[in-house]
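Engineer: Residues 220 to 363 (our numbering) make up the sequence shown, in order.
In short, the hints are calculated from the structure, not lab data.
There could be a bad hint or two in this list.
[To be verified] Dumping the calculated DSSO-like pairs for lysine-lysine here, alpha-carbon to alpha-carbon at most 30 Å:
#1 K352 to K296
#2 K357 to K296
#3 K296 to K358
[Claimed, not checked] Estimated spans, in silico, between C-beta atoms of each pair:
#4 V339 to W289: 19 to 27 Å
#5 H315 to P347: 30 to 38 Å
#6 F248 to S322: 31 to 39 Å
#7 G266 to W289: 18 to 26 Å
#8 Q318 to P224: 36 to 44 Å
#9 G266 to E342: 34 to 42 Å
#10 D235 to G360: 33 to 41 Å
#11 R233 to H291: 22 to 30 Å
#12 Q222 to G266: 54 to 62 Å
#13 V339 to V236: 23 to 31 Å
#14 N265 to F354: 14 to 22 Å
#15 F335 to H291: 17 to 25 Å
#16 Q222 to H315: 40 to 48 Å
For every residue, glycine included, the Cβ atom is placed at its ideal position computed from N, Cα and C.
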Amino acid sequence: MHQQPLVIDENPTRADVEALSDLITEFNFEATDLRDGRLLASLVRNGEGELVAGMYGWTWGGCCEIEYLWVHEDQRKQGLGARLLEAAEQEAADRHCRQVVLSTHSFQAPGFYRRFGYEVVGEIEDYPVGHSKYFLRKKLGPPR
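Could you build all of it, start to finish, from the sequences and the hints given here?
Structural biologist: Structural data, given as structure tokens:
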């Protein structure tokens, strides 16, 4: 049997990454019969149109996963991160999600998320070396 060549690629194209995402999404839909996946994003731009804060994630199967939440250094400690997180939680609840999940590193924002009721449900030590990666969850109220 002939094996296809395997190529390590440090710079995959957006098209290849999107194709992989689409294929795993379709697999997940088929495996679970849950086809309610939707993207979720909130962006904040300054007067010049530059991105100063944002959140990106998705909802699927009664869950919301936040992939990124970022606030520009100059905009931190002003409540913008809280607004983004609360907006994501509200939209997740509106989409009948029962929980929000996310991950963060020890040098990022675990304390921020804990202040909003997120609980650590997992930790990988030395990821990266000398730090930890945390997996957090916040249970939302019953579906509306």
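Engineer: Using the Cβ atoms, figure out if Q222 sits within 54 to 62 Å of G266.
Structural biologist: holds (55 Å)
Engineer: Given the hinted pair K296 and K358, is their Cα-Cα distance within 30 Å?
Structural biologist: holds (25 Å)
Engineer: If I claimed the Cβ atoms of D235 and G360 lie 33 to 41 Å apart, would that claim hold in this structure?
Structural biologist: Since the Cβ atoms of D235 and G360 sit about 40 Å apart, the hinted range of 33 to 41 Å holds.
Engineer: Within 30 to 38 Å or not, the Cβ separation of H315 and P347?
Structural biologist: holds (36 Å)
Engineer: Okay, V339 versus W289 on CB: inside 19 to 27 Å?
Structural biologist: holds (20 Å)
Engineer: With 34 to 42 Å as the target window, see if G266 and E342 comply at their CB atoms.
Structural biologist: Given a distance of about 40 Å, which is inside 34 to 42 Å, the answer is holds.
Engineer: Can you tell me whether the CB distance of F335 to H291 sits inside 17 to 25 Å?
Structural biologist: Holds: the Cβ-Cβ distance is about 20 Å, inside 17 to 25 Å.
Engineer: Would you say the C-beta atoms of N265 and F354 sit inside 14 to 22 Å of each other?
Structural biologist: Taking Cβ atoms as reference, N265 and F354 lie about 32 Å apart, which means the hint is violated.
Engineer: For the pair we were handed, K352 and K296, check the Cα-Cα distance against 30 Å.
Structural biologist: Holds, at roughly 23 Å.
Engineer: Indicate whether the distance between the beta carbons of G266 and W289 respects the range 18 to 26 Å.
Structural biologist: Taking Cβ atoms as reference, G266 and W289 lie about 19 Å apart, which means the hint holds.
Engineer: Given the hint of 40 to 48 Å, check if Q222 and H315 actually sit that far apart at their C-beta atoms.
Structural biologist: holds (45 Å)
Engineer: Verify the proposed pairing of K357 with K296, using a straight-line Cα cut of 30 Å.
Structural biologist: Status holds; Cα separation ~22 Å.
Hint violations for this structure: numbers 6, 14, all remaining hints satisfied.
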